[in-house]
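Keeping the supplied structure of chain A fixed, place chain B upon it in accordance with the hints.
Quick note, the sequences are listed as chains A and B, same order. Heads up: the first sequence begins at 1 in this note's numbering, then just goes up one per residue. Heads up: the second sequence begins at 1 in this note's numbering, then just goes up one per residue.
In case anyone wonders, no lab produced these hints; they're calculated from the structure. Don't be surprised by glycine CBs; every beta carbon is placed ideally from N, CA and C. Please note that the accuracy of each hint is not assured.
[To be verified] Restraint-style ranges between C-beta atoms, simulated for each label pair:
#1 V102/A <-> G9/B: 50 to 56 Å
#2 D183/B <-> V102/A: 49 to 55 Å
#3 T74/A <-> A294/B: 44 to 50 Å
[Stated by the list, open to error] Pairs of lysine to any residue residues, derived as SDA-like cross-links and limited to a Cα-Cα distance of at most 25 Å, are as follows:
#4 K204/B <-> I159/A
#5 K262/B <-> D230/B
#6 K262/B <-> S114/A
#7 K150/A <-> D227/B
#8 K155/A <-> D230/B
#9 K155/A <-> D235/B
#10 K302/B <-> K262/B
#11 K262/B <-> L118/A
#12 K204/B <-> S152/A
#13 K53/B <-> A197/B
#14 K150/A <-> S114/A
#15 K302/B <-> H290/B
#16 K150/A <-> D235/B
#17 K302/B <-> Y201/B
#18 K155/A <-> A197/B
#19 K150/A <-> A197/B
#20 K150/A <-> S261/B
#21 K204/B <-> L83/A
#22 K262/B <-> R149/A
#23 K150/A <-> L118/A
#24 K204/B <-> N124/A
#25 K22/B <-> D54/B
[Claimed, not checked] Here are a few chain B residues that face chain A, going by a calculated C-beta distance under 10 Å:
#26 P239
#27 I242
#28 L278
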Amino acid sequence: MRVSMKLEMKDTPGQLVSVLTPISECGGNIIAVIHQRDPDSDSGVLDVQIVLDLPEGRLDDLVAQIKRRGVTITRIGKERLFLQRSLLMIGHIMHTDISDTVDQIDRTGFAEVSELSLVMPSINERSSARITLKTATAEDMSSAVALLRKVSDEKEILIVEPLEECG
Amino acid sequence: MRIALLGFGSVGKGVAEVVQEKGLGITVTGIADSRSGTIDPAGIDLQAAMDRKDRTGLCGDISLSPLDVVDGAEYDALVEVTPTRIIDGEPALTHIVHALSRGKHVVTSNKGPIALAHRRLRALAESHGVQLRYEATVCGAIPVLHVLQHDLLGNEVRALHGVMNGTCNFILTRMEDEGLTYDQALAEAREMGYAEADPTYDVKGVDAALKLVILANTIWDLGVTLDDVDTTGIDLITPEAIQLACDRETTIRLIAEAIPSKGLLRVSPRIIPRSHPLLVEGTLNAVTLHTDLAGELTFIGKGAGSVETASAVIGDLLYLGEHHAGAH
Numbered sequence: 001m002r003v004s005m006k007l008e009m010k011d012t013p014g015q016l017v018s019v020l021t022p023i024s025e026c027g028g029n030i031i032a033v034i035h036q037r038d039p040d041s042d043s044g045v046l047d048v049q050i051v052l053d054l055p056e057g058r059l060d061d062l063v064a065q066i067k068r069r070g071v072t073i074t075r076i077g078k079e080r081l082f083l084q085r086s087l088l089m090i091g092h093i094m095h096t097d098i099s100d101t102v103d104q105i106d107r108t109g110f111a112e113v114s115e116l117s118l119v120m121p122s123i124n125e126r127s128s129a130r131i132t133l134k135t136a137t138a139e140d141m142s143s144a145v146a147l148l149r150k151v152s153d154e155k156e157i158l159i160v161e162p163l164e165e166c167g
Numbered sequence: 001m002r003i004a005l006l007g008f009g010s011v012g013k014g015v016a017e018v019v020q021e022k023g024l025g026i027t028v029t030g031i032a033d034s035r036s037g038t039i040d041p042a043g044i045d046l047q048a049a050m051d052r053k054d055r056t057g058l059c060g061d062i063s064l065s066p067l068d069v070v071d072g073a074e075y076d077a078l079v080e081v082t083p084t085r086i087i088d089g090e091p092a093l094t095h096i097v098h099a100l101s102r103g104k105h106v107v108t109s110n111k112g113p114i115a116l117a118h119r120r121l122r123a124l125a126e127s128h129g130v131q132l133r134y135e136a137t138v139c140g141a142i143p144v145l146h147v148l149q150h151d152l153l154g155n156e157v158r159a160l161h162g163v164m165n166g167t168c169n170f171i172l173t174r175m176e177d178e179g180l181t182y183d184q185a186l187a188e189a190r191e192m193g194y195a196e197a198d199p200t201y202d203v204k205g206v207d208a209a210l211k212l213v214i215l216a217n218t219i220w221d222l223g224v225t226l227d228d229v230d231t232t233g234i235d236l237i238t239p240e241a242i243q244l245a246c247d248r249e250t251t252i253r254l255i256a257e258a259i260p261s262k263g264l265l266r267v268s269p270r271i272i273p274r275s276h277p278l279l280v281e282g283t284l285n286a287v288t289l290h291t292d293l294a295g296e297l298t299f300i301g302k303g304a305g306s307v308e309t310a311s312a313v314i315g316d317l318l319y320l321g322e323h324h325a326g327a328h
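Bound-form chain A, shown alone (with noise of 0.2 Å):
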């Protein structure tokens, strides 16, 4: 589950990483820490926005010992699918039952479908579609990815990936 919270600190030295280290500890993997400190302001309080990775169910665990160092969380947003990933498919796709297809995505717990673009240019003709597959993570992306491809291998469907960068 990705995680992006707005939180509201004293400006002074330790505040910061006193936030940190619960997050770490709730197996949390940190994206980005953006500061907003105003350089007029002598308020005292710094506006700090924290973009996090976070595994199910640790959330409220975390808000609680965040709040307990003294820490106010102004905003708090999660998005349990965040990535996501489009692939086409060229084939019979509507005669080897497209719901069935969209189904055993959604039924894997981790995958949803949440685009489908279909085009049909006539009767009896392959035809087209852009889907796009919805995950947590890039594992599940991967496993979600593999299924659809076994899944429309069976049907004769050819999958067209995207060419994922890599390092």
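Here is chain B on its own, set in the frame of chain A:
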């Protein structure tokens, strides 16, 4: 440097034209096509040979076989530019084995023998103290093997991606630009001379897979063959699918991909962003190397053509002349 030219089609004649025009210190002492051969230790009149080939379809005397030229002519390097036969690499494989066994350098554009028998041929060359060079087998005029073997010393290549088949790239470009169907774009490619009468090897991704095998075996010594490449062609791509990709500022290209750390060797149509460095138009080829020190390097150039392929052959020959002259 004296060379024997095996194969006198598009690439062979391209090499002959360049040698005739530029000289480059190269003397051709033997030429053979599939049905005839000619040998002259003093140097063959290349214009006469090309004229004869155009007029009669033969470059020389039918009493001389290609193997007679390989075994009998006096040369420093054999230039093997006969057409690729994927099944067994012949007759090029035999030509190359004979030349290496005679202690002659070999320069080839023929993918068959290199994809099928790279380790064996390399060992044979080493044991006879000669060089086997094959720049022209991958990505035509792009000097990717030279870059890998000489200019990126000290780098570890972690992965590579490439657009390695000009025919497929031309077809996909035309489908995108004009909304043509696959069959229409293929017919146009044939008309322009970009596709063979039987385009199977190109459009099914086999040609790109061969090049991937050659690169993977050269860079990582993986010892892989065509069967190890997960290969999907472009013959099922529809203009509607390309349009769906274009709606998102992306398009479709046939991409060859090797990531040894993931055990991945794959040729398949892929969605790539319009801004991607591998996105080239028409018959161009492109290859990206991912390295640890130099980062990403992308090379773009002509992947086929008589003089363009000859450029890679000539480059290999002149490299041999500079670095391995007088070995035999």
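> For which of the previously enumerated hints does the structure constitute a violation, in increasing order of number?
Replying inline: As far as the earlier hints go, 2, 6, 10, 11, 18, 19, 21 are violated by this structure, in ascending order.
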